[in-house]
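Two chains, each in its own frame: build the complex with the hints.
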Amino acid sequence: MTTAAIDARGLGKDFGALRALDRLDLEVRDGEFFGLLGPNGAGKTTTVHLLATLLAPSRGTARVAGRDVVREGLAVRRSIGLVFQETALDRDLTVAENLRFAARLWSLPARVARPRIDALLRQFELLERRDDPVRTLSGGMRRAADVARGILHEPSILFLDEPTAGLDPRARRSLWERIRGLRAASGLTVLLTTHYVEEAEPCDRVAVLDHGRLAALGTPAELKRAAGAGSLEEVFLAHTGHRLAESDGG
Amino acid sequence: MRAVYGIVAREFVRFLRQRGRVLASIGRPFVWLVFAGAGFAAVFAGRNEIDYRVYMAPGLLGMVVMFGSLLAALSTVTDREAGVLRMVLVAPIRRRTIAFGKALGATLLGTAQAIVVAAILLPFVHLRPTLAGALLGLVAVVLSGLAMGALGLVLAASIRSIENFAGVMNFVVFPMLFLSGALYPVRHLGPVLRAAACVNPLAYGVDLLKHALLGGWARAGYGGELPVPLDCAALVLFAIVGLAVAALLLGREGGVTRTAFRERR
Numbered sequence: 000m001t002t003a004a005i006d007a008r009g010l011g012k013d014f015g016a017l018r019a020l021d022r023l024d025l026e027v028r029d030g031e032f033f034g035l036l037g038p039n040g041a042g043k044t045t046t047v048h049l050l051a052t053l054l055a056p057s058r059g060t061a062r063v064a065g066r067d068v069v070r071e072g073l074a075v076r077r078s079i080g081l082v083f084q085e086t087a088l089d090r091d092l093t094v095a096e097n098l099r100f101a102a103r104l105w106s107l108p109a110r111v112a113r114p115r116i117d118a119l120l121r122q123f124e125l126l127e128r129r130d131d132p133v134r135t136l137s138g139g140m141r142r143a144a145d146v147a148r149g150i151l152h153e154p155s156i157l158f159l160d161e162p163t164a165g166l167d168p169r170a171r172r173s174l175w176e177r178i179r180g181l182r183a184a185s186g187l188t189v190l191l192t193t194h195y196v197e198e199a200e201p202c203d204r205v206a207v208l209d210h211g212r213l214a215a216l217g218t219p220a221e222l223k224r225a226a227g228a229g230s231l232e233e234v235f236l237a238h239t240g241h242r243l244a245e246s247d248g249g
Numbered sequence: 000m001r002a003v004y005g006i007v008a009r010e011f012v013r014f015l016r017q018r019g020r021v022l023a024s025i026g027r028p029f030v031w032l033v034f035a036g037a038g039f040a041a042v043f044a045g046r047n048e049i050d051y052r053v054y055m056a057p058g059l060l061g062m063v064v065m066f067g068s069l070l071a072a073l074s075t076v077t078d079r080e081a082g083v084l085r086m087v088l089v090a091p092i093r094r095r096t097i098a099f100g101k102a103l104g105a106t107l108l109g110t111a112q113a114i115v116v117a118a119i120l121l122p123f124v125h126l127r128p129t130l131a132g133a134l135l136g137l138v139a140v141v142l143s144g145l146a147m148g149a150l151g152l153v154l155a156a157s158i159r160s161i162e163n164f165a166g167v168m169n170f171v172v173f174p175m176l177f178l179s180g181a182l183y184p185v186r187h188l189g190p191v192l193r194a195a196a197c198v199n200p201l202a203y204g205v206d207l208l209k210h211a212l213l214g215g216w217a218r219a220g221y222g223g224e225l226p227v228p229l230d231c232a233a234l235v236l237f238a239i240v241g242l243a244v245a246a247l248l249l250g251r252e253g254g255v256t257r258t259a260f261r262e263r264r
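So the protein lines, in turn, are chains P and B.
Mapping the first sequence onto numbering that gives the first Met the number 0, position 33 (from 1) lands on 32, and the numbers just tick up by one.
Mapping the second sequence onto numbering that gives the first Met the number 0, position 229 (from 1) lands on 228, and the numbers just tick up by one.
Pulled out of the complex, with its shape left as it was, chain B reads as follows (with noise of 0.2 Å):
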């Protein structure tokens, strides 16, 4: 276990040692709170049950979680590029150990950004949640900063080197945030995306956050839509089956070691 904490303490020193991710991760939520924020809030102009800005935060907190666990996970990428994941891999623990570790990592990551963002916004967008409410929060931070750490595990053991991190980015991130909820309400698209929708595990993360920041507005059709225990289990499904498949893959000896090794035959 003092090898999961070595992993664990690893990330966080690395985090912080990178200024521009910890700026990035604490800036980005306000960049879209201001530009994006501006924007949509003007169209919803007139329809005035709740702020815009109010409605946004939830979503913003989910995004905080995605970017800062999925990069956290991604990160393998660079280790086995940089080749410190050799160190890794030489050392006396399990394949599953080190996915355990670093998807720990990347959740405990994931949720210190979303912490410190959640005490910046929320006081500036004026919601205050109740203590029940900021509990669920933290448990809707938590699990989803553990699906996010698993999908981005299983990413990293499938794409081949960093470059293929734009395709990420497009195809997986970008669909992910806006077919979460998190800056418009889902139920308003077609079947396809609505059913795309459904296997997306940042919709059941957000949901479950307006569940818990939005609950005064939950009458006015703003809060979560599905029921809690079904956006808990959801979020535990995805984290279990990408940590299963993460840690086949890693095992895999052309997973992560083809890379590391077979080129430097």
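So that you can see chain P by itself, here it is in the shape it has in the complex (with noise of 0.2 Å):
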């Protein structure tokens, strides 16, 4: 029996007279990997913002984790981790310090969190640079700290905002093999928005926004057949194409 790990009822959110988010209707299942594509500006951070609290909604509700976004923030923020698109991490302390500095944020006992910390750093391969500044990191390590930040406290949603933005593609397989493996020993829900099509091929479901709509939901395979298309990427043009020119490089 599944149960739904995100749930969001017409939730929108306007920033003056921009329409950033209309009304979204979206149920992500406990487990589930699910891909939130659309070009930018439609509407994906902004709906990441909401579901985890650093927004509050124009319009509409959502539960995430079984909580309530506006009533329950705390309890929300409790379960789930956020990986933005932007590095969220302390230039100038160390990778561990900055792990250190989240694990109390996150009210980890310090007995729970060095183990955590140490184990992560040799999954994530930052073993090395563990007493490093964050600011002498290439971009790929950087990332993978951050991931390490988003997971040190095992929420049970996992939201990846635009994670390999700017990564090149070694650092992008090796994120990508580091999420895979998380999923398959944690059970982890995993939102994760992206406009690099071919990203969302291994989700359960992908969802299409454009203009702060949702334009389509399925499983990949079940996307191309109602577009009649080969690829994802034929999909994605499919209901965004008259947008993909602006959206170019970002």
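Be careful, since some hints might not be right.
To be verified - Stretch by stretch, here's where chain P covers chain B in the computed footprint (C-beta under 8 Å, at least three residues):
1. 10-16
2. 227-238
What the hints assert, rightly or not - Per label pair, the in silico range of CB-to-CB distance:
3. B:Ile25 - P:Thr135: 26 to 32 Å
4. P:Arg90 - B:Gly214: 44 to 50 Å
5. P:Ala16 - B:Glu162: 24 to 30 Å
6. P:Arg90 - B:Ala165: 20 to 26 Å
7. B:Gly215 - P:Thr135: 23 to 29 Å
It should be emphasised that the hints constitute simulated quantities derived from the structure, not laboratory data.
Note that CB positions come from ideal geometry on N, CA and C, so glycine has one too.
As structure tokens, then:
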């Protein structure tokens, strides 16, 4: 029996006159690997920030890990991990200091945090760089450290907001191997946003957002069949094609 | 509370790692002592009730706390720009806990700097406070640090980027310093500036420090001028109001989160 990890109903957000997210109905099942596809400005990051309680919805409701994002923000934040588009680490602190800082923010006692940090550093191949300031790390390593920070408190739901933006192909591949390993080991629910269409192929289900609206939803196979397309990229283009030119590079 | 400890610990690690900031905070009062001290001492020469460098000492300690705590609290702006504030905001802690942690870190950092500077400065100008004076001085430093930290948070939540920093220095830090009584008694100023000094938190901190350190010169008119309880009450009031406003501004979605998230939509 599966329960909903994320359940959004009519969720929307305006920034002044700009309607960033219209009315989103979205259900992500427990343990699911869910992809949120869309060009830049489609509302992907707004959706993630609404679900992570960092923004207050203008309309609609959402429950994350069974808790309401407006009324139970603290409980929601306790259950989720969020890896931001841009690093959320302190560049002047070392990798280990950043993870220790995060452990304290999440109220992990030192005796729990210490072995966990060591294990994550090993798993993410950062052991040799643990005492180096984050600013000296390569983009790929920094991203790995960001993900390690995001899962340090063992969340049940992990949000990855364009996690591979700006990474070279090798770093991108090793990041995906790590995410796969994490999901296999813990049954973690993952909500991924990306505009690299091929990254959504291994997702259980994919939603295509465009102009703050849900344009398509289904498994990659279903979406391809419905659009009469051979690849997810064609699906993406079919639903958002008119915008692709503007969203280049990002 | 582990989160508050984490925020405070990070402030200290960052401070100690920035060697330039450490040197500036320790060296700044001595630069003032040598350069401003020499000039003012010459002007004051002939009225030998008090050595001007002794007169400056409480004000210089107030200045150390002001820079120490204000700059630490203002680092919230760089936290926001560098992105580390995102990590703090997505953690399961309340916005007001973040504000409290930042203010506490700023207070302790300013206090630590003032203690280090006092240990060098006071023997240097041959000022030996009594035990009661030293304790009152510590109270003055902690309360000033809290008020300055709260003010720094309010400023940090109000300004958009670190580029407004020069504005803060020109229109907040320098007027506050010159109207604090750190360099000359405020009572000789005109009514407008005297009124401005009344709403200057640093003025109460420096006055309290004068009570603590210049008790021996009180009769000559160089000690603290306001009653000690009034100084303390004013500083506590500034701290409470500042923290409340800061928590409000930080808690507001468009406050800190605006630059951290909105433009990244």
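Now the hints, each set against the structure:
1. With 3 residues having a beta carbon nearer than 8 Å to a beta carbon of chain P, the region 10-16 of chain B meets the requirement of three or more and the stated coverage holds.
2. Restraint check on the region 227-238 of chain B versus chain P: 0 residues with Cβ-Cβ distances below 8 Å, three needed, restraint violated.
3. Between Ile25 of chain B and Thr135 of chain P the CB atoms are about 27 Å apart, so this pair conforms to the stated range of 26 to 32 Å.
4. For Arg90 of chain P paired with Gly214 of chain B, a C-beta distance near 47 Å keeps the hint of 44 to 50 Å intact.
5. As the Cβ distance of Ala16 of chain P to Glu162 of chain B is approximately 27 Å, the hint placing it in 24 to 30 Å holds.
6. The hinted range of 20 to 26 Å is satisfied by Arg90 of chain P and Ala165 of chain B, whose Cβ atoms lie roughly 23 Å apart.
7. As the Cβ distance of Gly215 of chain B to Thr135 of chain P is approximately 53 Å, the hint placing it in 23 to 29 Å is violated.
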